[in-house]
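Given the structure of chain V, go ahead and fit chains X, C and B onto it with the hints provided.
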Amino acid sequence: MLTMALSSAALAAMPALAQEKIARIGILAPISGGAAADGQDTQQGATLAVEEINAAGGVNGYKLEIAVADTRDLGPAAVTSAVERLLSDEGVNMVMTGYASASNFEIEAMAEAGMPYFLAGNSAQTAEIVAEAPDDFPTIWSFAPSYDLYETGIMPVIERWQSEKKLTLANKKIAFITSDNPYSKSIYEGMMEDAKARGWEITATEVVPFGEINDWRAFLSKTRQDPPAVIVNTDYLPGNAATFTSQFLENPTQSLVFIQYAPTVPEYLELTKEKATGIITSTMVGVLPNERAAATNKAYKARYGIDASTYAQALYEMVYIYRDILAAGVDPTDRLAVAKAIGEVKDRVTALGIVSFDPKTHLTVAGDDFMPLQIFQVWDGKRVLLSPARWADGELQTAPWLKK
Amino acid sequence: MAAILLDVGHVTKRFGAFVAVNDVTFDVREGEVLGIAGPNGSGKSTLFNILTGIPFGRDAGEIHFRGQSVGRLKPFEIARLGLVRTFQKDSDFKTLSAFENVMMGTWCCGPISASQKRDLASAALDKVGFALERIHLTAGDLSVFDRKRLMIASALVSSPHLLMLDEPASGLTKPEIDALRDLLLELNASGLTIVVIEHVLPLLMAVAQRLIVLNEGRILSQGDPQAVVRDERVISAYLGGQASHAHAS
Amino acid sequence: MADIIVSILVSGLVLGSLYALMASGLSMVWTTLGIFNFAHGVSMTVGAYVAYEIAQRLGPDLWVGYSILLALVVMAAVGAAFEYLLIRPFYGRDDMVLVTIMTTLAGLTFLENGVLTIWGPRLKQLEPLIPGNISYGLVNISRQELIIVLVAPVILLALFLVLNHTQIGRAIRAVGQNQKSAQLIGIPVTRMFLVSFGLAAALAGLAGMLLAGVRLMTPTMGADPLMKALIVVIFGGLGSIGGSIGAAYVIGFLEAILIFTVGIYWTPSMLFLLMVLVLLFRPQGLFGAKNPSSL
Amino acid sequence: MINRPLAIAAALLLLLLLPLVLQGPYIRHLFILAFLFAIVAASWDLTLGLTGLFNFGHIAFFGLGVYTAGILTTQAGVDPWLVIPIAGIVAALAAFVVAAPTLRLRGIYVVLVTFAFSQLCLQVVMSQGDLTGGAGGIVRVPSLRISDYNFARDQRLGYYYVSLVLSLACIAALVAIARSPLGKTARAVRDNPEYAAARGIDQMRIRLTMLVISAIPTGIAGALYCIYFRVAAPEVFSFSTSTLILTMLLVGGAGSIVGPAVAAVGIVMISEYLEQFPDLKATKHMLLAVGIILVLRFFPGGLAQISANLFARSAKTVGATPERAP
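For the record, the sequence lines run as chains V, X, C and B. Residues in the first sequence are numbered from 1 upward in steps of one, following this note's numbering. Residues in the second sequence are numbered from 1 upward in steps of one, following this note's numbering. Residues in the third sequence are numbered from 1 upward in steps of one, following this note's numbering. Residues in the fourth sequence are numbered from 1 upward in steps of one, following this note's numbering.
Pulled out of the complex, with its shape left as it was, chain V reads as follows (with noise of 0.2 Å):
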């Protein structure tokens, strides 16, 4: 058994056929396991991008090629033994990933190997990583911004809505509920305190375990005794955004719905359905209404029969940025020199915003010229950008249940 898997790690790491320079890619992503959904996205993303390049010829006289590797159930032993898999292969010279793990904890193994990553994973957690000693992790580059806006980034627009007559709310009473993950609950904190500070009364909090819930009626009880003018939902997984959906739905207050980044996920739309329309989401990676997102998604549509999600956009992105990068000229095996090249990509549009790297931190920079903070109604199983004005695609309006 162990002399097979030798040797086929052997006959993995072999030189590509002489006639025909390899750049090969690794690709992290939890193939099987209960984040799979996200696995396809993340593979299938980058595929697209790589088919796309290679039928245009190659780049640079390379042909891209793909090697995943299954982070299975996301712990450490299995992205351990995927990132292990990967850098002991010798064609492998790139690697990139929507997210591997919850912790983003790989990262120091690939800085050490001196391995140019490409991640789009929860940036708090990277930043905690990185930006303590950024030089350190050279190699090192979040697709995904820093998060910060999330916290004091929404408050104002649905302030400036009712101010602008868009929006009338009752009161100015505000309920937050959330999963306990990172991601998620620094979001909840961090509004909460921006909501408290610009004189909102909160009237329920609560805090779900991370994972599956089939029940927000306890909540949304606690919310019905003293009806809030805006609820807002941080926690991030679709499903649970759909079954909130349609719990509230089922006798609903005159609030507004805020639910963090699921409504953002074609599944979650094509689950709720119409149901959906009126509520409002926001994502600070996520695929905007502009030209480059249509083609993508057209593209990836045929190929693969569904829709584009963020993270099929974000591996087709990055595989771009890395095809433009040995289009430069640079050498692929040069590790060091891709890896700087990465962080010195400027003002490049993509479909998720546009793309310039702090070097204090190796995250995108956010903000509305740069990676936005994008606030999004559904409207008739549609995304409909509100905010950043730039790229907004349409208005706010009245959902559904509220009284006009």
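Because the hints were derived from the structure by calculation, they are not lab data. Among these hints, one or two may not hold up.
[Stated by the list, open to error] Going by beta-carbon spacing under 8 Å, a handful of chain X positions derived as facing chain B:
#1 F56
#2 R80
#3 V84
#4 D92
[What the hints assert, rightly or not] DMTMM-like cross-link-like pairs, simulated, lysine to aspartate or glutamate; straight-line CA separation at most 20 Å:
#5 X:K117 / B:D130
#6 B:K184 / X:D141
#7 V:K222 / C:D3
#8 X:K89 / C:D95
#9 V:K360 / V:E344
#10 V:K185 / B:D130
#11 X:K94 / C:D94
#12 X:K89 / C:D94
Given the structure is predicted, the values throughout are model-derived calculations rather than measurements. Glycine is no exception: its CB is placed at the ideal position from the N, C-alpha and C atoms.
Frame of chain V, contents of chains X, C and B only:
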């Protein structure tokens, strides 16, 4: 008359509505061999079980061993007092070697050294006539008789005050039963008090000085073995029931 | 306040009905075979996906009619095959309890990944049998959930009648009480194992189909209900099907009450803690007869 | 005929030289993982296989070791070398606590209580986010160092030897315990609990002792796991981790201690081998499940039985056939 070793007073055991042992009173005197007979389901094994607490205790009644009440003790504590029993079935630790099986008896010996334990085990194996060349074989691979001898040997290791044997002859051949009889007589002659439950009446008649016959959970008759077997009630209970099966193997 | 009490009652009833469907099968397998089936939760998953597949092929309109029956038949076959392949070869072995824990775990892995392979990782949903909500006074409930609340007792009553008043039901119970005697009086014991596994899988499958109309389907959707069924079966007493059904409703209401009082966050911990306490002080369960350590 | 001590010596020598022959961190990493799981599987076997205690919460001791190491090194600045033994002690204490309610129960009830205990540990870890990092876990756990030598930067050579030595030591200790009078008594309790009680054996005490002993190496393995991966993540408590280790245990042969340890190496390698075929996706887990069932079906005693047959074939043929009663 010899001192009373085990004093059993009015013990009762119920399983739901069924009374397995019903108000049984008897005693065991130092140095004797007491036989307990009775048809299947008469409560013999249940009586053993409640005396030793394995796997369950009595519902009512008093049990005193060497003057001490054992009713509240745990099974292993009763064993450590010197009231040691064997079982009719499952008579081995099947993955341990023969020698290791016997070594398990040393838990009743109190704090003694490992070498003393091994000496006691060897002596016990010798006493029951277990062939030396087989002591490293796994118990599960041994013959029925060998396993029975191991169980007796493991009981003898700690020099118990009372040895209670639950149908030691079941599953044995005629010559093996004879060997068993000789062993029991020998043990008794060296001063060991024995209570033996048995179907095989000839064996009981050969070794027991007193006999108790149980039927439907009650003592039907007790006393001198010859007198007991001539008791009308015993004959009808046995002949009506199991006499023909008395020699099962 | 009144609306909260009504909400608790409604959610307790819905949860209790689902748990009862799950736990009765788990308990029946435990009673007849003496094994704990860790793959019981995944039967629910498979049931939901099989129904989904049938609805996809035959169209959702047929769904109410024979599609459910067809899915139930498929599930019964899956359950029987499971018993035949993963349990039967190990019957009578000394370490059977241990080995069947492993084989049912392996079965769980196999089926869960099978579902993932066949139907993919994406969330899915069955069309509800009847869409929409019902509001009556303070009661707000989706029609699908109302169906669950109404159907579960009917199914469980049918199970009760089958177990008590049909020959095959009596045979199953006889096997559960005493295998040797059952064998002696001519009951085909191994066939009863097959039947009881098939029946249990069909019950779990039904729970899955009903649930998939209100919640979303994922290949791991059975994991949480398995845990709940485990708690229920312990509360009710292993080996008591009636006890399990009673306990299912008790746990359903308890969970609903806990969610409203201590919150969702601590509810699972409290339920597990409660389970440990029940095991300590009443290992035979709340409704079970006093017969612990049957192993 | 194969000479057993010679075979063991050869295997050990091979393990010592292996990382020098096979360069690169990948294969070393696989062995490190295998060694760590070998400790957990072998020590779990001490209770589940050898003592017959249906302990299904063993993974909790492992997880506690992981989190003890994660919390102490990152929040209290304890040296990573030091947390390895501390984690063993913490796990042993946890075993003592869980034993109290467990040992009065039998059979499937023990399964349920111990399983509930491991679920409870997971809930606690998830809910105490300030201490444990909740769902995200604890990152930036410091790696082992000897003065200036950093184990994180040596292509995993140092960790290979640390985990090899630790696992050999733990397994040797476990084997010694299994062969000691205590281990034999534990087997006696498993084989025939009523008979054991009738010979004055206090089963509760034996089971308690074995449970506590088995937790120590498990906690140690957990700590090293955390320090090696430099993360404490809640997945260690998961059902799939339990299933994986249980597979090693049963495929290796319950009660044989060494069998599960060897199976750990084999299963890590097989499942990694299947990763070479990315197109298998989830079906690789299905293949493994089928493999497990086939092993259980046709080799009830697992690897230990196969190897026993191999080593003992000559001895058996000599004629040690036991006498049977006529």
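Results for each hint:
no.	hint	in the structure
1	F56	violated, 10 Å
2	R80	holds, 4 Å
3	V84	holds, 7 Å
4	D92	holds, 7 Å
5	X:K117 / B:D130	violated, 55 Å
6	B:K184 / X:D141	holds, 17 Å
7	V:K222 / C:D3	holds, 10 Å
8	X:K89 / C:D95	holds, 19 Å
9	V:K360 / V:E344	holds, 13 Å
10	V:K185 / B:D130	holds, 12 Å
11	X:K94 / C:D94	holds, 12 Å
12	X:K89 / C:D94	holds, 16 Å
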